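We have chain P; now place chains Y, H and U onto it with these hints.
There are 4 protein chains.
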Amino acid sequence: MKAVVYHGPKNISVKDIPDAVIEHPSDVLVQITTTNICGSDLHMYEGRTSFEKGKVFGHENLGKVIEVGAAVQTVKVGDYVCMPFNVACGHCENCERGQTAFCLNANPGAAGAAYGFAEMGPWQGGQAEVLRVPWADFNCLVLPKDAAEREDDYVMLSDIFPTGWHATELAGMKPGDSVAIYGAGPVGLMAAHSAAIKGASQIFVVDTHPDRLALAEKFGATAINAVGQQAVDKILELTDGRGTDCGCECVGYQCCDKHGHEDNSVTLNSLVGSTKATGGIGVVGVFVPQDPGAKDRLQQQGKMAFDYGNFWFKGQFMRTGQANVKAYNRNLARLIQHGRANPAAIVSHRLSLAEAPKAYEQFDKRAEGWTKVLLKP
Amino acid sequence: MKAVVYHGPKNISVKDIPDAVIEHPSDVLVQITTTNICGSDLHMYEGRTSFEKGKVFGHENLGKVIEVGAAVQTVKVGDYVCMPFNVACGHCENCERGQTAFCLNANPGAAGAAYGFAEMGPWQGGQAEVLRVPWADFNCLVLPKDAAEREDDYVMLSDIFPTGWHATELAGMKPGDSVAIYGAGPVGLMAAHSAAIKGASQIFVVDTHPDRLALAEKFGATAINAVGQQAVDKILELTDGRGTDCGCECVGYQCCDKHGHEDNSVTLNSLVGSTKATGGIGVVGVFVPQDPGAKDRLQQQGKMAFDYGNFWFKGQFMRTGQANVKAYNRNLARLIQHGRANPAAIVSHRLSLAEAPKAYEQFDKRAEGWTKVLLKP
Amino acid sequence: MKAVVYHGPKNISVKDIPDAVIEHPSDVLVQITTTNICGSDLHMYEGRTSFEKGKVFGHENLGKVIEVGAAVQTVKVGDYVCMPFNVACGHCENCERGQTAFCLNANPGAAGAAYGFAEMGPWQGGQAEVLRVPWADFNCLVLPKDAAEREDDYVMLSDIFPTGWHATELAGMKPGDSVAIYGAGPVGLMAAHSAAIKGASQIFVVDTHPDRLALAEKFGATAINAVGQQAVDKILELTDGRGTDCGCECVGYQCCDKHGHEDNSVTLNSLVGSTKATGGIGVVGVFVPQDPGAKDRLQQQGKMAFDYGNFWFKGQFMRTGQANVKAYNRNLARLIQHGRANPAAIVSHRLSLAEAPKAYEQFDKRAEGWTKVLLKP
Amino acid sequence: MKAVVYHGPKNISVKDIPDAVIEHPSDVLVQITTTNICGSDLHMYEGRTSFEKGKVFGHENLGKVIEVGAAVQTVKVGDYVCMPFNVACGHCENCERGQTAFCLNANPGAAGAAYGFAEMGPWQGGQAEVLRVPWADFNCLVLPKDAAEREDDYVMLSDIFPTGWHATELAGMKPGDSVAIYGAGPVGLMAAHSAAIKGASQIFVVDTHPDRLALAEKFGATAINAVGQQAVDKILELTDGRGTDCGCECVGYQCCDKHGHEDNSVTLNSLVGSTKATGGIGVVGVFVPQDPGAKDRLQQQGKMAFDYGNFWFKGQFMRTGQANVKAYNRNLARLIQHGRANPAAIVSHRLSLAEAPKAYEQFDKRAEGWTKVLLKP
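Residue numbers (the numbering used here), protein chains in the order written: chain P, 55 to 431; chain Y, 55 to 431; chain H, 55 to 431; chain U, 55 to 431.
Extracted from the complex, chain P is given alone in its bound form:
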């Protein structure tokens, strides 16, 4: 079968690899019909991770079940399914509490696994014709009847829609709250969409890319084209000096200061400043335990010069981590089904699998207008 294979930094190709097969009675095989390129794929594409050569990309996957293992009971051949990017066993101590992003069995020795991802277990990605899905009864969301017509919306249930939603959950956002979202990439935009669906009274999105900020405004947000203290000042001004009730970090450790230099503390320290006393901060942007390629000594160690005194003095709280997709995907599917959510609004490109190398190249450059790329194998 054909798949998008990693060969080394910025070197990928679509090539034939051995067909995916049922390896365990709980597996199913899914013929992929839509699979997205995610911003986090770029870390691996750029060679800044331990991603192995020969591995297949792709953790945002949707398709049709074509074969089921002997132990599978609920999922059936022919079902349209969307898989959370987290691979999870469904029965460990974390999974049973709904913390599927921290499964203790799917990536032995660590907490949490994913398809086609560095350090997230042995699972191949879905930028391919077929994907093997383990613990399939647990990891497949069987989609509503209109799945075929609305693939581009439903595929967002694999990652960015639940991840954006998770940001607002971690932040403790309640209806009527004001919220500041740092980062207008796909996840930040989905956080804005989520905040609007959940009844935020004011949504600020902070970024420096006008095309992305324009999309944020389509989701009902107020765009703030600024960085660091300037962003903080603007938010304070727009909230009568009060600050927002909560805030979301949707950028990650490669955030930059106003001079464009990487400084992993920029967005978090801004969030401490723009969030009110007692407010909450939700962090879904990725931060890493070590970052050998960073210039700053602290950052190399995975540390941050965090504005802790202000954080504590304001009695704020912060919750972090990858989204437990299964905690949200059923209800978000219902919002799509009943016309109350339209995450596909951010899709900029729908391409064939063969076009993947070109797409990675453009997306990696942050070429204008390349917001979200969907591959259709």
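Bear in mind the hints are in silico, worked out from the structure with no lab data behind them.
Only a predicted model underlies this, so the values are computations on that prediction, with no experimental measurement involved.
Treat the hints with care, since some could be wrong.
It does not matter which identical chain is used: a pair holds within one copy or between any two.
Claimed, not checked - Result set (DSSO-like, lysine-lysine): computed pairs, CA atoms no more than 27 Å apart in a straight line: (1) K109 - K228; (2) K272 - K228; (3) K64 - K419; (4) K288 - K69; (5) K349 - K130.
This is chains Y, H and U only, laid out in the frame that chain P set:
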């Protein structure tokens, strides 16, 4: 000053009474500019309560502060304020936990007080030129700057908008959930509006008045013109047999069966039927400990032939009671201020104080089109 | 293998039946070493249910794994395991939210399944030499190393300890609260034990059996030997007229009034009376949708003459249903392991499987001192 | 009246100052019978804050009401009362949600006020014969009848018992959880006492003072005499490599590394290490926005070299800030009243007001055995 005074069953008039005055250093006086007639005023109007002759109606009040007591520190003369219908001290064991609908000091011997209400303490109502507000720093919500232009929206913060919202909170409604709301009176309509703001995926409103159901549809709901088992069947059909995730009771003890006979169990037993196993039921419709005027013996004792076996077997939960308005009014004010809520959409009449007797008469008849009446003293 | 088999009302025997076998790749076989008789077994024993002749009793099971199916990944031969009484698939909409007592797959057409239970699916019970456990990775709790020495404590994790705990959770009990527990059977006693572990300030246990009340006092409770209004009055007196913060129903539909006549409303109406305004009521005692054998017409329909007016007026809430054992069993196991819980304190008898018929007979008579019977196959 | 007055670094005396008087109709005057010296008093005593000369110390106060203002309604002359250290208005946006540690009115321009505290508003302390208490109906907890006999327990409700409790709440501790508490000062000991009351399965207390660790063991904790990575390793060992479910920071910004050098990141980075993935960290130790006296440049700016990458990767959460005492003090009073809590177990000295200077000197030296000092004016 002029006020709407009760003289006996279906007998009220607008007459001069002694001016409201500061009686305690924590009081303020508010010149009322908008005050609503509420469905619960009709119980008193009809003489089915212990409401005393000579008492002034009105617990949905908004106006301008014209005098403040010596101990008042935050509220100032000239402030536009909206008062929760609950009178609350702010410092008893219930108030300090936010349970202001169950204040232990404002109505000695009972839990919970209100302006102009039977058995809810000594407080006069606000269907008058001036209202005395006790514990004013606690009981006045100072409104945003656009208060004067949007009085009809903000006045809904006194009762029906928070009460409708409370119904969805008590029911445990989460974004993406489906919800069935029984009753399309003002509170039921506000529950539908609340559910839409909070991201419900499906909202069903059950009633038999086409004009009210039409309003429900404007708030994004699916209208269900049916009673009892018929309503249940329709909801099951529209949810693929699953039932709704949760439901709201917005009718109260005078609900009727399909023959139009009062039976206090009709809506609750329907809710048990139309709500899924593990689902929640929120009850803001009023139920009373005794109802001497009822025909049924159980109902006279305030009891109900409740479908308990099914309720327990389905592992459902139920939460009840008057809304703690202060738990919601600030955030709901922000939703109004930022254009995300428009509760005034249900207003059918804006009348002078002098027109109150006529308005009560029409409203009591459930005359078509008399959805919500605002008085402008 | 030998098993306790039902032949008809009050007619059981220990007899040979075909050996349990692996029927599905997700199954394991557990050699039972301790299996309890539960109060709910008596409903079936007495013939008041649809329990089929030939079926094996037993839903409180602990033992050693002796065989595992091909798809089982975590549970291993030789593991000491305790099974929740609920059989659950682990991946349906309810299981994934932790609502394992309402599994949608284990008992097709209904929500919730159990071993050896009427109307709870096709699963055989564990009062036998061997038990087949489906979805074994999900349904087996692998026990700590001291399992063999403390079987009598750990076996309580199958049902009554989590069920008693659940009662306090449903009631919303918080540390420092006062709580009234109606019923001093095994579940009520475990609710008292749970309340003490969780930091209740006052625990009242209401019953009329002095031997059981004595056990309640050992768990730190205040015993109240009274029924109905007398119990309510006593609790109000001991709480300075305030009522308890919350209350637990651990009796079920066969509760009796002070004359010893069955009246399913007695404990719930008492709970409304003895619980403060805004307080919570947790109901784990079983109530049934139909009760053809009842004398009262309402009760035959599964209905109850519930004191709804007072319930609503006090703004109380009520949560119900069977315990989701998996939501609690890991943490309760830790409390046992570290010496902070000792549920086996209520065990009155440890018998062989062969003694089961005698045990059922005595237990069914509520013979004094027969609090909790453990069978050791 | 006599009071403990600050004259400059390590320079205090007991001297006559003008009598406290009612300054506002909502005030009461309390004749202080017990008032504690708190660890946080030492920051001011040492001159490391902006505490003004001439100001009176004391934020842990208990006594008898001797005069009430005209607007006071609930508190009466003769009542035994204990005051939360936070001064709070009761009606601002934060107070009404129970966030009384972040009152917006009691310390204009900031969020949160206290008696006798640097930068926490104009309020005098209670290490004096009489204390003026503003918004007295809100700020006085009227104590149970046994108040006079159990003053030493009840006075702990003013600060350290609720603050220790708050640490476990912020950490998200649930019954059955394991918890690591860093710091065995009075607050850490109260956190351990709280964790035991709330049903922790394992409690670890980390410190290097054997006398304090011995007290921790009396409250049911396992003592860990270690710093930094050594403490982490020990905790991992005692939890089978799993880490604790949650952890509490009860030290603050002056924590030290294993060489005894101040390093504000030591305990927090240890907590990230010793807490499991998805676990919570509660921080009640004080951290400051600026610390000009620190040696490290980051610390001077109130910043911390925080191990953020690991924190995020583990999906942990952290909640911070001063305790909202009123959120807990009523229920903790009940635990004391009913014999389920005995916080006075940590009291080492009961002295007269005149002995205050000597007590500060010894306590500031961390002289062995000076755990907790109570002054009896």
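Here is what the structure says about each hint:
Within a single copy, K109 and K228 get their C-alpha atoms no closer than 41 Å, and across copies no closer than 39 Å, so neither meets the 27 Å cut-off. For a Cα distance limit of 27 Å, the shortest separation of K272 from K228 qualifies both inside one copy, at 21 Å, and across copies, at 24 Å. For a Cα distance limit of 27 Å, the shortest separation of K64 from K419 inside one copy, 11 Å, qualifies, whereas the shortest one across copies, 61 Å, does not. When the C-alpha separation of K288 and K69 is checked against a cutoff of 27 Å, the pair qualifies neither within a copy, at 49 Å, nor between copies, at 50 Å.
In this assembly of identical chains, the alpha carbons of K349 and K130 never lie at most 27 Å apart, being 51 Å within a copy and 48 Å across copies at closest.
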